[in-house]
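Both chains are sitting in their own frames, so use the hints and assemble them into the complex.
Protein sequence lines, in the order shown, are assigned to chains A and B.
Here the first sequence stands for residues 28 to 646, where the numbers follow our numbering.
Here the second sequence stands for residues 309 to 434, where the numbers follow our numbering.
Hints were generated in silico from the structure; no laboratory data involved.
Don't take each hint at face value.
For the chain B half of the interface with chain A, some residues (derived, Cβ under 10 Å), not all of them [claimed, not checked]:
| id | residue |
| --- | --- |
| 1 | Asn-335 |
| 2 | Val-339 |
| 3 | Glu-371 |
| 4 | Asp-413 |
| 5 | Thr-417 |
Since we're looking at a predicted model, the values are computed, not measured.
Note that beta-carbon positions come from the ideal geometry of N, C-alpha and C, so glycine has one too.
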Amino acid sequence: MFKGIPIPTYLWQKIENDLILIDYNDAADKLTKGMMKNHIGRKASEMYKNQPKILKELNRCASNQISIFRENEYGSESTGEERFLSIKYGFIPPNLVIVHIEDITEKKEALEILKKSEKELKALTLKLKQSVLKSEEEYRTIFENTGTATVIIEEDTTISLVNKQFEELSGISREEIEWKEKWTDFVVEEDLERMKKLHYNRRKDPDSTQKKYEFRFVNKEGNIRDILIVIDMIPETKRSVASLLDITERKKIEEKLKESELKSRYLMDGITSVGIGIDIVTKDYKVLFQNQVLKEKFGDITGKLCYENYMGLKAPCDFCPMIKALKNNAIESLELTGVDGNSYELFSAPYLDSDRNTEKVIEIIMNITKRKQAEMALRESEKRYREAYNRAEFYKDLFAHDINNILQSILSGMQINQLILTNPEKLENLKINARIIEDQVIRGSKLVSNVRKLSQLEEVEQNLNKIEILNVLKNIILIVKESNKDKNLAIRVDSIGEKFFIEANDYLEDVFENLLINAIKYNINLIINIIVKITREQQNGVNYVKMEFLDNGLGVADSMKDIIFKRGYNDESVLGMGLGLSLVRRIIETYNGKIWVEDRVKGDRSKGSNIVLFIPEVD
Amino acid sequence: MIKIEDIFIVDDEPSLQIFYKQILTFNGFKVAGIANNGIEAISMFKLFPNKPKIILMDQRMPEMSGIEASKIILQMDNRVKIIFITADTSVKEEALSIGAFLFIDKIFTIAELIDAINRAIESYVL
Numbered sequence: 028m029f030k031g032i033p034i035p036t037y038l039w040q041k042i043e044n045d046l047i048l049i050d051y052n053d054a055a056d057k058l059t060k061g062m063m064k065n066h067i068g069r070k071a072s073e074m075y076k077n078q079p080k081i082l083k084e085l086n087r088c089a090s091n092q093i094s095i096f097r098e099n100e101y102g103s104e105s106t107g108e109e110r111f112l113s114i115k116y117g118f119i120p121p122n123l124v125i126v127h128i129e130d131i132t133e134k135k136e137a138l139e140i141l142k143k144s145e146k147e148l149k150a151l152t153l154k155l156k157q158s159v160l161k162s163e164e165e166y167r168t169i170f171e172n173t174g175t176a177t178v179i180i181e182e183d184t185t186i187s188l189v190n191k192q193f194e195e196l197s198g199i200s201r202e203e204i205e206w207k208e209k210w211t212d213f214v215v216e217e218d219l220e221r222m223k224k225l226h227y228n229r230r231k232d233p234d235s236t237q238k239k240y241e242f243r244f245v246n247k248e249g250n251i252r253d254i255l256i257v258i259d260m261i262p263e264t265k266r267s268v269a270s271l272l273d274i275t276e277r278k279k280i281e282e283k284l285k286e287s288e289l290k291s292r293y294l295m296d297g298i299t300s301v302g303i304g305i306d307i308v309t310k311d312y313k314v315l316f317q318n319q320v321l322k323e324k325f326g327d328i329t330g331k332l333c334y335e336n337y338m339g340l341k342a343p344c345d346f347c348p349m350i351k352a353l354k355n356n357a358i359e360s361l362e363l364t365g366v367d368g369n370s371y372e373l374f375s376a377p378y379l380d381s382d383r384n385t386e387k388v389i390e391i392i393m394n395i396t397k398r399k400q401a402e403m404a405l406r407e408s409e410k411r412y413r414e415a416y417n418r419a420e421f422y423k424d425l426f427a428h429d430i431n432n433i434l435q436s437i438l439s440g441m442q443i444n445q446l447i448l449t450n451p452e453k454l455e456n457l458k459i460n461a462r463i464i465e466d467q468v469i470r471g472s473k474l475v476s477n478v479r480k481l482s483q484l485e486e487v488e489q490n491l492n493k494i495e496i497l498n499v500l501k502n503i504i505l506i507v508k509e510s511n512k513d514k515n516l517a518i519r520v521d522s523i524g525e526k527f528f529i530e531a532n533d534y535l536e537d538v539f540e541n542l543l544i545n546a547i548k549y550n551i552n553l554i555i556n557i558i559v560k561i562t563r564e565q566q567n568g569v570n571y572v573k574m575e576f577l578d579n580g581l582g583v584a585d586s587m588k589d590i591i592f593k594r595g596y597n598d599e600s601v602l603g604m605g606l607g608l609s610l611v612r613r614i615i616e617t618y619n620g621k622i623w624v625e626d627r628v629k630g631d632r633s634k635g636s637n638i639v640l641f642i643p644e645v646d
Numbered sequence: 309m310i311k312i313e314d315i316f317i318v319d320d321e322p323s324l325q326i327f328y329k330q331i332l333t334f335n336g337f338k339v340a341g342i343a344n345n346g347i348e349a350i351s352m353f354k355l356f357p358n359k360p361k362i363i364l365m366d367q368r369m370p371e372m373s374g375i376e377a378s379k380i381i382l383q384m385d386n387r388v389k390i391i392f393i394t395a396d397t398s399v400k401e402e403a404l405s406i407g408a409f410l411f412i413d414k415i416f417t418i419a420e421l422i423d424a425i426n427r428a429i430e431s432y433v434l
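Same shape as in the complex, but just chain B (with noise of 0.2 Å):
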């Protein structure tokens, strides 16, 4: 059974950060931890003792972008699942390409976020 600490936010905008953990948390889930950038994700990804099973990644920000951080985590750890959220729709594909678990458009709900949570837990049992 998947852990609920599994769960690894990168996104570089401060109040998305705050209300994904808000929502996370609210669900039953915790957080592993809050990347800004792919290159910061990549440096946790590292060191995280227990991988997270879940990334809820954002596409465009600075110094490394999603697709770029996604595929060098992909090669850690290639059953991570990756959540995109992004409001950048012409990434989609090149994201779903290259491993992404989901790819989720801005704006979303919280219903929205939490099905695709789920799903992504459910891959795993299945």
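Next up, chain A with everything else stripped away, as it sits in the complex (with noise of 0.2 Å):
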């Protein structure tokens, strides 16, 4: 049994005053590598004259008779290696020694690394408490300085720490919060259920459950402010740390934005709704934006370029105003014909975006199509009313002028015959005189009937038909010669055909009456020769039926010619020629025709004169 144990194990006896090595198990002779066998007999003040720890504690085992247990260093004679040993001296009567050695070395080796390790990782711990410490100072630091109102919440909602900003937005100190308050608080009634839910939720359930939510915050005045909070669990806590975002003014602001987009919105809704075009071009041409009158009428051309798709012109304009905005600061506009035809008034402005850039501009386009032509009929209306007014006015003053005359001529005429009843010598006169105050009277009723005339055609929209001229022209040479027995006449008509269709109504009548008389007013022969020539020519791809009326009279003077029949209304120059020829001339515009005088023989006019008269022709 002394040889199997696993421990070496060596057996001394005391003889006399030393010990004697006398046996020795197999662990011994493994432990000296077979080494031992060398050592029996020897004594033990020869063997450990070294190592008198060793050879002291045997003699004293053996003469006190007491077991000892010692560890030692102990450097192997045998293999000369330096080993720890754990050595144990039993005392065994009578004068026994055993010893058990056991070679401690590598767990020796092992306390020392355990050791050297429980120092290190008290070092560590103390650098690792420090370290803690630093970062709890730091994050206290952080707490306090995040520049927004932050709180520690614990599970049952008491708040557990505060910054200085919670202090200042619920207006209470931190002393009488922390552990004190709880965050329901400081909530509105109408947001707590909602904020409750949330709290319990995410403790169970932190991924799931919203972080980040607006509500309204109550201070200790009882103002409510808008908060912006962003909350989370503190990792392997059942607390939650919540930042506080005071958006009072933002809300309010976004609010005002709301309201003025929604005010933008309804203006650009208005602006569109009553089709006005806005846009928004850059410097370089480029449109921006256009609303959606602009889309429909000339296509999404955002990114393109104005005068390409708004005019269909390869180049800018020379005339465009955006330019004279930019570089005068101002509004401009400007009145054009857009690529479909219509007529735009552009009115071009600045426009700062948000990047206080101003190299574009904001654009007001309005088809103002109706408009321009209600100007236009506007302005050929009032043309029309400033010529009827002018002819009015003409008409009022031949009227005035030949009325005059008229009743002058009667007054002259009868204050005269007055003087020849007192008398007789010049009774002669008195039938004269009395004709030619019939014939003033004839004359004034033809002037009246003429004025009303004048007047049915500036205010009646004349109906024209389709009348054969040279039947109506027959008849009025008739009334004509009959109403001139006194006088020596030959009115001839040579046409070269039988029938002649114009447009033209009733006053035809009155132009060739008027035609006739006159040739026969200004004519001091005694056989009054007047020819009515009728043709036909083309002019400017119209056919006309023309009508020259040739007379032997005194002719018109040349500087004359052009004032009777091509002069405006309002031109004195033409209130010599009396109103029957305004008539006449008033007439043939109706019909579209021309008149003009001409000399019957070219350039003398002392041989009489010859009226033109050129009238569209009808099948």
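What follows is the structure, given as structure tokens:
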């Protein structure tokens, strides 16, 4: 059994004052690598002369008959290695000492490593503690200086930690809040239930609980602030940390912005509903924005060139108001015709965007086609009114002149006749004067009739019918001859055909009558020759009936030829022509015809005149 | 003493030409001539061997108005007394400014015409 003990064991016997090695086991032999047989019988004083501690402990055990346990560093004679040994000395009566030696070198080394590790661990722990302390300090510093109100909330809704900003937000000191107040004390009633649910859900399932939302905060004074809260759980705890951002002012601005945007949208909708186009164009003519009106009209040309798509041009317009608007920093406007043929009024104003960049303009584009048409119609109407007014003034003036002459003739004739009655020598004039007076009355009547006709021509739109002119002319010739029986008239119609149709009305008779009377009036020849020549002529693709009234009368001076039928009604030079020819001119105008006067024999006024009429012929 | 044939009638209205002539002869005056418009008046005035001293001048006539004719005639003889007889009162101021002696509105009586002629004659005497 001694031999089989796994611990190296030696047996010593006390002899006299020394100890002799008398036996050892297999483990001891193995420890000394088979060298132990050489040491049997050796004295301890010899073997351990260099290991006084072991020698002393052996002797002490044997002398005092006690057991001793020691750990010693031991230099093995047999192997020469330095080892740590755990040695147990046991006394066996009467004089034996059994020594168990255990090599604890590796155990010792492990222990040393363990001690060293423990030391390092302690140092690390210390460092960690210091680090944690530092982190806590840093954390505290961060907590205090987040810039937003921050709180730590316990599971039961108690606020355990607040920063300075929260004190300011709430109006309550941290001493009064921390571990005393609950967050529910700072929330308006309407938001409370929602937030409580979030609070408890967050502790069950943090990841699926809303971490950022808005609520209304009530401070110490009872004032309500809009708050954006960002909240999350502190890992491995039931506590949450929340940052509260006061967004009251931002909300107000947002509300105003929303209101402004709403107004802008209403404005834009309103502008769109009345068909006003709006766009934004860069200084290099690119369209950045179009409202619906312009998109519907010109297609979506965002990013394309304005002049190409709006105007159908290959280069920017020389008159582009945008460049002027940017140059002058003022609103510029222009009327122009679009690629669709409509008229537009364009207002161009420098546009300051959020980048404070003014290199673009906002343009308001209004379709003014209808307005332009109305303006044109108004101008046309004004022109017609002005012409009608001028004609009315002209007729009034002519009438006043002619009626004055008529009345003057009647008055003078009557006064002379009264004088004649007292002077029988002049009786022959009495009949002549009476005839003149009668003529003047008839002339006056005709004048009134002409004025009435002129008035009708002005006031009533003329209905024209297809009329054969030769019959009308022949009838009028008969009437004129009948009323001028005292004169020797030779009136002839020289026509290339039998029927000539024109669009006319009953006033055609007045045209012929006035022209014939005029030819008779200004003729001092014994025989008054009048030829009415009727032919056809085409001018500018229009077929006309050409009528020429040729007479052998006094003729018309060259200076008067242009005046009589060509000048405007407000030209005083025309006033000498009399109301009859004015009526003729006006009637011919309503027939879309033309009238002028020439010498019957070109260049010789004394041979009489030729009044030429051109009236469009109809089939 | 002014000669009675010195009165010259300028008017385009044939009936008035006849009546002017009767009025003048009835009142002891003679007619130097009758012109139908301004141009004719100037031509005739140039040709008169004894220039008429008084002209009865209408304003509104074809070819040339009384004002235009009077300007030229007065350049030829600034002593001639031109009596404007017209319904066109708008030219009264202009007629007098160019040297017309009198301006008579139509409608006038024979007495008014004779009075005007007598005043013209008196202006020569004075």
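(message) Run through the hints listed earlier and report the numbers of any the structure violates, in increasing order.
(response) 2
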